[in-house]
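Protein chains: 2
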Amino acid sequence: MEQQKAVQDVYTDDYSWCYGCGRLNKDGHHFKTKWNGDQTETVYMPQPEHTAVPGFVYGGVIASLMDCHGTGSASLALHRNNGHEPGDGAEPPRFVTASLKVDFMKPTPHGKVLRASGTLEEVHPKKWKVHTEVFAGDTLCVKGEVIAVVMPDSFLQNAKNTNP
Amino acid sequence: MEQQKAVQDVYTDDYSWCYGCGRLNKDGHHFKTKWNGDQTETVYMPQPEHTAVPGFVYGGVIASLMDCHGTGSASLALHRNNGHEPGDGAEPPRFVTASLKVDFMKPTPHGKVLRASGTLEEVHPKKWKVHTEVFAGDTLCVKGEVIAVVMPDSFLQNAKNTNP
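In order, the protein sequence lines correspond to chains X and L. The opening residue of the first sequence carries number 1 in full-length UniProt numbering; numbering runs sequentially from there. The opening residue of the second sequence carries number 1 in full-length UniProt numbering; numbering runs sequentially from there.
Treat the hints with care, as some may be off.
Put simply, identical chains are the same to the list, so a pair is met inside one copy or across any two.
[As the list claims (entries may be wrong)] Pairs of lysine to any residue, SDA-like flavour, derived with a Cα cap of 25 Å:
1. Lys106 <-> Asn81
2. Lys101 <-> Asp14
3. Lys101 <-> Asp88
4. Lys101 <-> His131
5. Lys127 <-> Gln47
6. Lys143 <-> His124
7. Lys26 <-> Glu122
8. Lys34 <-> Asp13
9. Lys5 <-> Met105
10. Lys112 <-> Arg80
11. Lys126 <-> Asn82
12. Lys26 <-> Thr119
13. Lys112 <-> Ser154
14. Lys34 <-> Leu24
15. Lys106 <-> Gln4
16. Lys112 <-> Glu122
17. Lys5 <-> Lys106
18. Lys5 <-> Gly55
19. Lys143 <-> Ala98
20. Lys127 <-> Lys143
21. Lys106 <-> Asn25
22. Lys101 <-> Met151
23. Lys126 <-> Gly83
24. Lys127 <-> Gly55
25. Lys127 <-> Val113
26. Lys129 <-> Glu91
27. Lys26 <-> Gln47
28. Lys106 <-> Glu122
29. Lys129 <-> Glu49
30. Lys126 <-> Gly137
Since the hints were made in silico from the structure, they are not lab data.
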């Protein structure tokens, strides 16, 4: 059985320069979001420099994880609604973040793999709410919510004009 | 007249490893937050790799800017309430982020200096709300809010135990 592809693996090249999740951005985090049953999952190991104070993970990196996990999850969800799964040859829709909310419930220990788990809520066919919990090991450390909307055509046009 | 110091310039060494704003974290963003009248300000030039799609700034970097701007602003505010300004020799209080909310009102163009402008609201002596607007050039692109609380002693203890 072929391993499930992440949605970021099948974004078109134009959309693959994101510092958070773009496979063509060599300096970025390379977050990758996949289905896990009817939830979505993004797994990430923070780098040594991603500290808040030594021993704890920097909140901005967790916010970044939640951001790309949110847009990736929305893309997976609309793609599935359209009858597709990553890797079947169809181009997935690309979303942007309208808003991001992060609640840091307890300090996130450094040195553990982080797992963002997303639950999807369709607000409108082009607008999804992604409820996310971030675990460090087995410990729930952060909760959050992303409102993701289908990327406007103007983004694509700009991307095509400035693509390096 | 001596140039005003940023609050991050006078955090003690233990608290200066933050990936967002720590002066000792050589890989980080080095955000620096200062007073501008009775508002606070953090100015940052995104790096070339900090793209969402080419031409626009990655939201996770903006969320990171808002995060450290929020804790830095709260630190400045409580420090001033205590009768101090950065550089007068007193150690400023250090805050952590309890929650972060970011509204991306329009795409943030890349290649312009970002300016986060903060308005302080004291919720409690140890808890501040920081209302922030982020401008790219003259254009308001992002609004957000950070709830910052005085860092618990447990953070410091951990920092002292693991400080590299």
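Tell me, please, which holds for Lys101 and Asp14 at an alpha-carbon limit of 25 Å: within, between, both or neither?
For Lys101 and Asp14, the Cα distance exceeds 25 Å both inside one copy (27 Å) and across copies (28 Å).
With identical chains, the pair Lys34 and Leu24 could be close in the same copy or across copies; at 25 Å between alpha carbons, which is it: within, between, both, or neither?
within (18 Å within a copy, 36 Å between copies)
For Lys106 vs Asn81, is the C-alpha pair at or below 25 Å within one copy, between two copies, both, or neither?
So Lys106 and Asn81 fail the 25 Å test inside a copy (35 Å) and across (27 Å) alike.
Could you place Lys26 and Thr119 in one of the four classes (within, between, both, neither) given a Cα distance threshold of 25 Å?
For Lys26 and Thr119, neither the intra-copy (29 Å) nor the inter-copy (36 Å) Cα distance is at most 25 Å.
Please sort Lys127 with Gly55 into within, between, both or neither, judging by C-alpha distance up to 25 Å.
Classified as between: cross-chain Cα gap 23 Å, same-chain 37 Å, threshold 25 Å.
Could you place Lys101 and His131 in one of the four classes (within, between, both, neither) given a Cα distance threshold of 25 Å?
both (10 Å within a copy, 14 Å between copies)
What label fits Lys106 with Asn25 when the C-alpha limit is 25 Å: within, between, both, or neither?
between (31 Å within a copy, 23 Å between copies)
Cα distance capped at 25 Å. Does Lys26 pair with Glu122 within a copy, between copies, both, or neither?
Classified as neither: same-chain Cα gap 32 Å, cross-chain 42 Å, threshold 25 Å.
For Lys5 and Lys106, with the copy left unspecified, which applies at a CA distance of at most 25 Å: within, between, both, or neither?
Neither: 32 Å inside a chain and 31 Å across chains, both beyond 25 Å.
Within, between, both or neither, where Lys112 and Glu122 count as close if Cα-Cα is 25 Å or less
neither (32 Å within a copy, 35 Å between copies)
Regarding Lys101 and Asp88, is the shortest C-alpha distance of 25 Å or less found within a copy, between copies, in both, or in neither?
neither (32 Å within a copy, 36 Å between copies)
Alpha-carbon proximity context of Lys126 and Asn82, limit 25 Å:
within (12 Å within a copy, 49 Å between copies)
Violated hints for the displayed structure, listed by number in ascending order: 1, 2, 3, 5, 7, 9, 10, 12, 15, 16, 17, 18, 25, 29 and 30.
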